[in-house]
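As given, the protein sequences belong to chains A and B, one line each in that order. For the record, in the first sequence the residue sitting at position 33 is 33 according to the working numbering, with numbers rising by one throughout. For the record, in the second sequence the residue sitting at position 306 is 1306 according to the working numbering, with numbers rising by one throughout.
Just to be clear, a hint being listed does not mean it is correct.
Unchecked claim - Taking CB as the label site, the calculated pair distances span:
| hint | chain 1 | residue 1 | chain 2 | residue 2 | range |
| --- | --- | --- | --- | --- | --- |
| 1 | A | Lys18 | B | Gln1295 | 26 to 32 Å |
| 2 | B | Glu1180 | A | Asp241 | 51 to 57 Å |
| 3 | A | Gly23 | B | Pro1298 | 43 to 49 Å |
| 4 | B | Lys1303 | A | Lys18 | 49 to 55 Å |
| 5 | A | Ala55 | B | Gly1229 | 28 to 34 Å |
| 6 | A | Lys222 | B | Pro1277 | 43 to 49 Å |
| 7 | B | Lys1209 | A | Glu14 | 22 to 28 Å |
| 8 | B | Ala1149 | A | Lys222 | 25 to 31 Å |
| 9 | B | Met1001 | A | Asp215 | 21 to 27 Å |
Please keep in mind that the hints were generated in silico from the structure rather than gathered at the bench. Just so you know, these numbers come straight off a predicted model, no measurement behind them. The C-beta atom is built at its ideal place from N, Cα and C for all residues, glycine as well.
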Amino acid sequence: MKILVCVKQVPDLETRFKINEAGDWFDEADVAFRMNEYDEFAVEEAVALKGKSGADSDLTVLSIGPDRVKETIKKALAMGADRGVHIQDGEAHRKGPAQIAAMIAAFARDKEFELVFMGLQSQDRGSAQVGPLVALDLGFNLLTTVVGFEYDAGQVTVRRELEGGLKAQVKTKAPVVITCQLGLNKPRYPTLPNIMKAKKKELLTIPAEELGAGDALTNIVKAAPPERKGAGVALTGDVADVADKLISMIREKTGLV
Amino acid sequence: MKALLIGESRKGKTLGSTYELAEFAKRMEAQSAMFIVDAEEDLPKYEGKLYLASAADCGELNPPVHAAMAVEAADKENADIVILSHSPYGWDLAPLIARALGAGQVSEVVEYQEGAFITPALNGKMRLFYKPSTARVVVTVQSGAFAPAAPPSGAPTVEKIAAPAAGDGVYEFVEFEEPEETGVALGKAKVVVSAGRGVGKVENIELVKKLAEALDGELGASRPVVDAGWVENGRQVGTSGKTVAPKLYVACGISGAAQHIAGMKGSEFIVAINTDPEAPITEVAHVTAQVDLKQLIPALLEKLKG
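Assemble the whole structure, with the sequences as input and the hints as a guide.
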């Protein structure tokens, strides 16, 4: 069985971001990058399934972006993926979800993947569109917001999240795209021996131009800092003072203490 | 401009988020009609045309079938824009509708300004202004961003839409799973003190719990803390957990993901304890203590005792 897992490299969200020169995204100077958290659950689920489904299964991890995204691919290889594919694209941050999906589909088409896992959304842009669009491009079935996954001979049964704590059990048939919600599993940490082994695994680089993204359907015309609408008070300094002020404010506003 | 709103219902009841779509259309000064899959005896309170598909006939959860009917309604209305909630239902349907209409999609819209749709990025630390390059556009709007100014009212003019045949094995709904009954009365608590990832480690949950007890309140939590198993499921605050509006809400080490904020911003007085002055929670907090919670909470406990 062939499995594909798609991962995105995203900036550390604790960063104090500055707008880039083009004015359409953040300035990458001094920014640390990591694997999109949602994708960690996708990798874990794919690796766990591969472990259950025997020696003939093969797990490919794919990521799109500049050369730095290889680090994220290597993490997935160290978690247990068999081979990596880097779609080299220095302009990936200017591409919309439909273009990213088109590139993934152009790579995956006719490769007989039975399951495609990815995060429900990315932590930096959060469009939640790429999974559904890949499914449309490939003519695969689609299950989103998955918090429980079972596979049995082409039949896929999942628990998917709805709102307010409600979930639903849903079934479909492979081939299928699965988008993973936080909490689906417990993503493993790569061990040192596995990190060493990952260095020897195949990592294929494909220039983005070879895949064809098509035209953008939406464009970012501007990036801006958040509007600071909040009129809240900030308390800083000595902890005992802050505690005193906080308690008197709570008393004044709520009468509770 | 003509808009089609894609309403949502669950178990025969229109969801409140449906009315936020109407509010967004109003702010865009768009003329709107609505499409919903719902029970025929529970119609949304809406003044205008309603394309209604019966949930009994086509299933309450069936994205490919629902999307096909929504596209039919969008074409009948000649809609320039299709508006959905940025919710699990919206995540499923919006890309299918966009693809069928040849439209670009903008997700999690919080504002419309001079022809651009504004969305948050980087966990609320940036705003992006999007313009579609397609004739029609599909948007999902952030939950809670467009609360209606007045309670919804009106009776729609109904036009029924028949469900197309569902593809074999494409999407089979099996059953709902209700949230576990944990006996936690978060919704009724006067005080909720919630722990977020910023507490650092599971041992520090105990501190937050003590603060909740000292304030005679309930312990709450953000999603990552629940996912990590540090706090039980029934205590999750947010659109995927519980929505709360206590007299006092204390967010300890919670950065404030949109889905968490939507679940607590109705609280009367909001206190954030967070060392990041740019954390989105500070936008809704009435007061933010920018100090280490591991030092502040013991100090608070000491003073509350005295």
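### Task
Starting from the hint 25 to 31 Å, judge whether the C-beta atoms of Ala1149 (chain B) and Lys222 (chain A) obey it.
holds (28 Å)
### Message
Given a hint of 28 to 34 Å, does the C-beta separation of Ala55 (chain A) and Gly1229 (chain B) actually sit inside it?
### Response
Holds, at about 32 Å.
### Pairwise beta carbon distance, Lys1303 (chain B) to Lys18 (chain A), judged against the given window 49 to 55 Å
violated (39 Å)
### Message
Quick check on a hinted range of 43 to 49 Å for Lys222 (chain A) and Pro1277 (chain B), using CB atoms only.
### Response
Roughly 24 Å apart at Cβ, these two residues miss the hinted range, so it is violated.
### Query
Does the Cβ pair Glu1180 (chain B), Asp241 (chain A) satisfy 51 to 57 Å?
Taking Cβ atoms as reference, Glu1180 (chain B) and Asp241 (chain A) lie about 42 Å apart, which means the hint is violated.
### Query
Do Lys1209 (chain B) and Glu14 (chain A) keep their Cβ atoms within the hinted range of 22 to 28 Å?
holds (25 Å)
### Task
Could you check the hint for me, namely that Lys18 (chain A) and Gln1295 (chain B) are 26 to 32 Å apart, CB to CB?
With a Cβ separation near 30 Å, Lys18 (chain A) and Gln1295 (chain B) satisfy 26 to 32 Å, so the hint holds.
### Query
So the hint says 21 to 27 Å: do the beta-carbon atoms of Met1001 (chain B) and Asp215 (chain A) match that?
holds (23 Å)
### Query
That 43 to 49 Å hint for Gly23 (chain A) and Pro1298 (chain B) (C-beta), does it hold up?
holds (45 Å)
Figure legend: structure checked against the earlier numbered hints; hints not met, in rising order: 2, 4, 6.
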